[in-house]
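As you go down the protein sequences, you meet chains C, V and L in turn. In terms of this note's numbering, the first sequence has 596 at position 596, counting the first letter as 1, and numbering is strictly consecutive. Counting from 1 along the second sequence, just add 1000 to a position and that's the residue number in this note's numbering. Counting from 1 along the third sequence, just add 2000 to a position and that's the residue number in this note's numbering.
Please keep in mind that the hints were generated in silico from the structure rather than gathered at the bench. For clarity, every value in this text was computed on a predicted model and none was experimentally measured. Be aware that a few hints might be false.
One side only, chain C facing chain L, incomplete, derived with CB under 7 angstroms [unchecked claim]:
(1) 46
(2) 47
(3) 48
(4) 49
(5) 66
(6) 85
(7) 88
(8) 89
(9) 92
(10) 126
(11) 172
(12) 173
(13) 174
(14) 176
Listed next, the in silico DSSO-like pairs over lysine-lysine satisfying Cα-Cα at most 30 angstroms (straight line) [said to hold, decoys possible]:
(15) 59(C) with 2299(L)
(16) 1097(V) with 2591(L)
(17) 2511(L) with 2384(L)
(18) 111(C) with 214(C)
(19) 2299(L) with 3(C)
(20) 1151(V) with 2591(L)
(21) 2311(L) with 40(C)
(22) 184(C) with 1024(V)
(23) 304(C) with 290(C)
(24) 40(C) with 4(C)
Covered by chain C, according to a simulated footprint, are these stretches of chain L (three or more residues, beta-carbon under 8 angstroms) [what the hints assert, rightly or not]:
(25) 2443-2450
(26) 2454-2460
(27) 2490-2496
Where a beta carbon is used, it is the ideal one built from N, C-alpha and C, also for glycine.
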Amino acid sequence: MEKKVKLQIDGKEVIAPEGMNLLDAGHLVDVFIPNLCYLKGMRGFGACRLCLVEVEGLKSPVIACNTKVREGMVVHTQTEKVRNIRRFILDLILSIHPLDCMTCTKAGICKLQEYAYEYELKNTSFIKKKMGYPIDQINPFIRRDPEYCILCGRCVRVCKEQGTNVLDFIGRGINAEIGTAYNKSLRESGCTFCGSCVDACPVNALPEADRWRKGREWEYTKIPSVCLFCGNGCDILISVKDGGIQKINTGEKPGSTKKYICAYGRFGYDYIEDRTRITTPLKRENDTLKETTWKEALSIIAAKLKEAGNETGFISTAGITNEDALALKRFAKNVVKTKNFDTTLSLYSDIHSMKDSQSALITNSDLIILIGLNPSQWSRVLPALDASIRKRVNRGGKLLVITSADIKIEEAATLTLKGDEITILKAIVKSLIDKGLKADIQLENAVKDAVVTEDIEKAAKLVEEAQNPVIFTSPSLFDSSANLTIIKGKVIAVGFESNSRGVALIGLTTEGKSYSDMVNKGMKVLYVIGEVPLNARPSHTDFLIVQTSHFTELAEQADIVLPSTTQYETEGTIIDYLGRLKKLNRAIDPIGTSKTHRDIFVAISKIMKSPLKKPSENEINKLIKVKPKLSFNPFIRRDGFEIAPREFIESINASVLRGRRLAWLKEAVAAIAV
Amino acid sequence: MKVEEIDVDNEVGEVSEILSQNEKTKGILIHVLQQIQEDMGYLPDEVLRKLSKKLNIPLSEIYSVASFYKMFHFKPRGKKVVRVCLGTACYVRGSKKVLNMLENEFGIKSGDTTEDLTMTLETVGCVGCCGLAPVATINDNVVGEIIGNKKLEKLIDDIRE
Amino acid sequence: MEKNIIIKVCMGTGGVASGGEEVLAKFREMITESNLNAKISSNCHAQKVGCRGFCSKDVLVDVIVDDVKTTYKHIKPDMVERIFNEHVINGVPVNEWLAGPEYNNFHDKQTKVVLSHCGDIDPEDIDSYIAVGGYNAAKKAVLEMAPEEIVNIIKNSNLRGRGGAGFPTGLKWELGLRIKSDVKYVICNGDEGDPGAFMDRSVMEGDPHSVIEGMIICAKATQSNSGYIYVRAEYPLAVKRLQMAIEQCLMKNFLGNNIFGSDFSFDLKIFQGAGAFVCGEATALMRSIEGKRGMPSPKLWRSAERGLWDKPTVLNNVETFANVPKIILNGANWYRKLGTERSGGTKVFSLSGKVRNTGLVEVPLGISLREIIYDIGGGIEGGKNFKAVQTGGPSGGCIPAELLDTEVDYESLARAGSIMGSGGMVVLDENTCMVNTAKFFLEFTQAESCGKCTPCRIGTKRMLEILERITSGKGKDGDIELLEELGNHIRATSLCGLGMTAANPVLSTLKYFRDEYIAHIKEKRCPAAVCRDLITFTIIEELCKGCGSCKRVCPADAIRGTRKSPHRIDKELCIKCGSCFDACKFKAILKV
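Just chain C, with the same shape it has in the complex (with noise of 0.2 angstroms):
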């Protein structure tokens, strides 16, 4: 149990954990102390000097964020002299920084406004200042307009945190100012615009850059959900406004930078209206595709299931809700009656590694051991897993990295293992057991033989200090992985879609053909769900159906496209990467007549006269709460399992990437490498 001591701010008695800070202290009791520069679970900046509050006892005011509660303490935030004092500083501020808040984007949400209308500033006493640097405004992401910046230093914290290393402070006195290495445009820097500073940012210096006369952030409609795009399912908050989405932000409070989205997740979502959306049911008719209504799709595609029958194929993305995946599942097996039915998940992982992942929290480990996977914010791949992880290292976390290839992460590495997996985590295994930690008979003989290095030593020795080490495998590696939790530890395989864990702990992994077997063989009738990396129509299929949101290649060749909603106009949980069940919500009315895939499995199981309910929450909570089974499996690697994840990613997201500003990235991304 952690101490607690007691203290008293502004007559309310709190009582907060020792080591805790004044500010997040004064928050326990609703006292809240204004400043600019604090940023929750980072050490206190001390630039801004707005949080000075006075101490009983001292001589001069304490800076709240970086002053520790001690027992006894009698803290006041309100008094004269900390008003003046606060009172003086904002008046500073605003001598640099433009007054038109009445057009001003951040109207609302600016911290700057709300201190100065707390504090009765209309203007600065000083004389006012311009200083004169350009604005950044040539991505359609994030307008850097230094004019406005106050020098918080927010945004370099988050970015530095989070190792994208773009911003940072430059030069220094009246001139320092936030910029990027050689005052170059973000484009030119190495920016992901996964738009973190944005979410830190209390002024109008980094708003979106379509952000201006997009409605004022207190007409929005918040939304929390998810993000559906990759592996890591992560929460997100958007912004609606006459039915149209605004923004999106990070899922946390507004403010906070504790979560990490990418580009992808903050700025995709306008693909929904892109061209190639599907808006009606499609037909094919003399060799073109021509719209027809939902009741001749459905009764066609009814006719032909029926006579198909188990010769019937689905195909889909794991990157489904578990109400979708439920609804497929029995609408194949009870409906359909195929056994036929797959995801993508069957290209990247077996079931058990999804299945047998437990749950953990980066946050609270003190280790993480990375074998064989390449999570990168730059390509994308899994971006908020590598955020993250670069975060906990930066708050005092080891990273252990194992892998075969040369990887980018390994630069915020504590130690990188270079080599075969399987020969390293044996011979890890070997040396903790030769330390003295517990291991199993099994386990023990099974490592009998392994060489144990200076640097197997060190890695060992890091696992040994490790409190609550947390391993992410690649699934194929998950069993040689999952042996070291024997001794330590947790283990997650990740996989590459938002809903890996929740498809195969629906169960919507095949009694029949696989994935593969039914793309490379074909079926009599291969229904498709969702966006899957294929292009050409199989072979030997005699009638496709496409059920996606968006117009693909594969649509293109089918006989029948229905449209499907996107991840922001339907609802339903998933299970992310880390084991956490996570609830989407619908955002804003599907577009045109979309539907729901469950939707539209009822309403072809309707017409089948073998009628389908909807999944209910308890059937999927039933599902999902599976204990996951640890125990010695022999060091293998298992094979079938090579796809490379960038391309399969951006292959399952191919009309997001088609949108315009993620379209601009890809463009800008090539530009720079060349």
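Given chain C's structure and the hints, the job is docking chains V and L onto it.
What follows is chains V and L alone, placed relative to chain C:
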């Protein structure tokens, strides 16, 4: 100095043996930048990029650190770097005049470099030679008591030389 | 009888700048060429020595014949031959070039502890230092003394930090010793940056071993095995000499593993700064060694608990360390008695500005400002009136004439509205404008602000703008009050010492010279006739001889008149550059 040939452990020396790799590389950063600057006269973009890879320190951070210190420059510098002291004693004894004179003579402002890279003109807080005020330095050599036209002309000759 | 002749040439930065190297080379050439040692059967050699603090008389040369010292001033290479022939060979000093009573007065009134070897020994030769008792203290401390014993001596000596704040050194070391850690650091702060101050540079250049020896003793006392000397970028000669000194120490095993044959080890490395005044602040200095921006961090911990790389660190200034060997050798009592009740020992000041003798002076604490300025400094240059003395550099303040008898120690100077600081002492006379002086210091601080905290970054800039407005004749009613308010707020809210003290020059001049501010604002007049926008030049007809010198130098062609008749200045055209004023030999130009 060749960025590729930097030996981090050797540069760090015994004083900091116990530091982590990350602390070590940061610990030698300023020293390495000083050497690059000495060799090349400034800190070129491509060299810092290489250094960033070599030391595993983000380019933005290297630039940030370098831009904090007066000594570092990101543009080419003149063969002679002339710094006119504007410290108290020199100021009182008319160093501003020396500065204005040099600005006129070479047609540049303080902080600039002549087009032919003959010289870069700067000011400095105090070089600690107050007894010789007003002073200027030409590439770290101190020229003292620059009073009167003769001394000024000599200073200009020394710069052109 | 064989004669023993030593020629000592000052080769501090000042000496080198004035041509010391050439002078030394000339002497050496003469000694060799004349085959002197054989001819007059003497043992003669010429050596370089560090700064002796009287740089305005450089190049200074001592000729010591059998322990009789004669000092020459302003020596140029072409003067060497005569000195050599007349004095060295024939034993007759060249009287007209002697440094004279002024030089002796300057030195006689001082008490040299820290500077005792500066200007006497060859700073590039460890044996020269050992010959005057060097490293005996370190040897004693390492071999014979327990850490607690050393700490107690330093505590009893009343030595206080010479960097400016005056924190008791013994207490700092005691804390450093008490904290347990596998690694501890000792840092010497040689980032001397106050304009007008060069004490530390002279010590590092003139007696580098005394600093190293002090650090070794500190390392032993605090049980630390690693140290850094942080030297500012602008001091290349200091870096060179310290580097040589460290190498010589390594050869003699005074540094490195098992020093002096004991089981104690101490490694020392020089860190060269890269040009940032704020790095003189302890936390900023440590961030700088760590390879970061030299931005001060909020003080959650004392450095002695968590300093460099979060390890316990004892950080002292150059002069502080240089005092230590002498204290160990001569005892705490000896040192304490040199100073006042609360501050032991001596303090080195660099005396500059409008004083006759500028240079380094070392005086016992408790001496009055008057004694320093008049007895040692020889009073005001050109017989002008004393106006104020600025101590403590940009963090300090101006002390007016009525407080000239203030004793020089940490508390008294603080009471007078200034600070001891690191030892800058700039004398200002009646021709100095106090508003302009305050502006100068603020310009400095403003340019050196690290830019991290709001009050220092923006506040000093706004303050400077107000001063600029006042000195250019655009001052407004209320500006004085605004300056005071700004100053007090900046002092109360800044993150580090630099910011907290940034307003001191303004606040202290406002306190003692408020009328000058008022004259600038209300009467648009600069009483000292310094602020260009507020002065006018007029030719006094009665005094003008019509020589035309002023007309020739005027860059604006603002002077009219025919030869041999009084000239006139066209006020519309005058750019107030002052060239005519300087050029007039008859003092016929009035500046008001």
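Structure versus earlier hints, numbers of those that do not hold, lowest first:
none
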